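Undergrad: Protein chains in written order, with this note's numbering: chain B, 886 to 997; chain Y, 2 to 114.
The set of hints was computed from the structure by calculation and includes no laboratory data. All of these numbers come straight from a predicted model, not from anything done at the bench. Incorrect hints may have been included.
Distance condition first, Cα-Cα at most 25 Å in a straight line; then the derived DMTMM-like pairs of lysine to aspartate or glutamate [stated by the list, open to error]:
no.	chain 1	residue 1	chain 2	residue 2
1	B	Lys989	Y	Glu15
2	B	Lys989	Y	Asp58
3	B	Lys989	Y	Glu84
4	Y	Lys53	Y	Glu15
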Amino acid sequence: TQTVSQSDAHVTVFEGDSVELRCNYSYGGSIYLSWYIQHHGRGLQFLLKYYSGNPVVQGVNGFEAEFSKSDSSFHLRKASVHWSDSAVYFCAASWGYQNFYFGKGTSLTVIP
Amino acid sequence: DAGVTQTPRHEVAEKGQTIILKCEPVSGHNDLFWYRQTKIQGLELLSYFRSKSLMEDGGAFKDRFKAEMLNSSFSTLKIQPTEPKDSAVYLCASSLEGSTEVFFGKGTRLTVV
Numbered sequence: 886t887q888t889v890s891q892s893d894a895h896v897t898v899f900e901g902d903s904v905e906l907r908c909n910y911s912y913g914g915s916i917y918l919s920w921y922i923q924h925h926g927r928g929l930q931f932l933l934k935y936y937s938g939n940p941v942v943q944g945v946n947g948f949e950a951e952f953s954k955s956d957s958s959f960h961l962r963k964a965s966v967h968w969s970d971s972a973v974y975f976c977a978a979s980w981g982y983q984n985f986y987f988g989k990g991t992s993l994t995v996i997p
Numbered sequence: 002d003a004g005v006t007q008t009p010r011h012e013v014a015e016k017g018q019t020i021i022l023k024c025e026p027v028s029g030h031n032d033l034f035w036y037r038q039t040k041i042q043g044l045e046l047l048s049y050f051r052s053k054s055l056m057e058d059g060g061a062f063k064d065r066f067k068a069e070m071l072n073s074s075f076s077t078l079k080i081q082p083t084e085p086k087d088s089a090v091y092l093c094a095s096s097l098e099g100s101t102e103v104f105f106g107k108g109t110r111l112t113v114v
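Using the sequences provided together with the hints, build the complete structure.
TA: Below, the structure is given as structure tokens:
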């Protein structure tokens, strides 16, 4: 069974703090992983992706994510968050160019 | 901007009505997805097309939900008959085959009363 789980439904940090949003997936094989951001009332927007190569991938606005095969994880990180980073973040996985499976999302609140 | 276009942005329907949601994917994209988004369930796949062929339909949604892709630049999602539990945001998304970057529309917020 292919699943994507995001263990934290809500994360609250202060502006300038670092943050890590967790994502774990089940099922092995060739996997494509990505993160999306959804601001309130808006559609999902692509942040970054991983398929192969360097396990640390850089995205827009200072976000990066690290793939770990041993942990079946693809956690999203940012060293210093801004209040505008407040949004819901979705992790997604795809196996073999097929459908994308999304986690339930992590709502990030950044307190100015 | 040539992103994914969904219409209408908001829809209010009475229980039992038939509603049709529309989606125009990004030009040239051959993968198209319909998702339902709720706070409790998150993103649930309703249908997935590749080059207009239905590749996957979310099993639990088969009976009242029907997505069609009549041509490569237009898709519809019909819900018949609607029920209050169908109240959600319906998202359409598209991508190039083999790409891991999916482009989402702004969604249609459906309220069934």
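Undergrad: Indicate, hint by hint, whether the structure satisfies it.
TA: Hints, one by one, checked against the model:
1. Lys989(B) / Glu15(Y): 28 Å, violated
2. Lys989(B) / Asp58(Y): 19 Å, holds
3. Lys989(B) / Glu84(Y): 23 Å, holds
4. Lys53(Y) / Glu15(Y): Given that 25 Å is the threshold and the Cα spacing comes to 31 Å, the pair is violated.
Violation of the numbered hints given earlier is confined to hints 1, 4; the remaining hints are satisfied by the structure.
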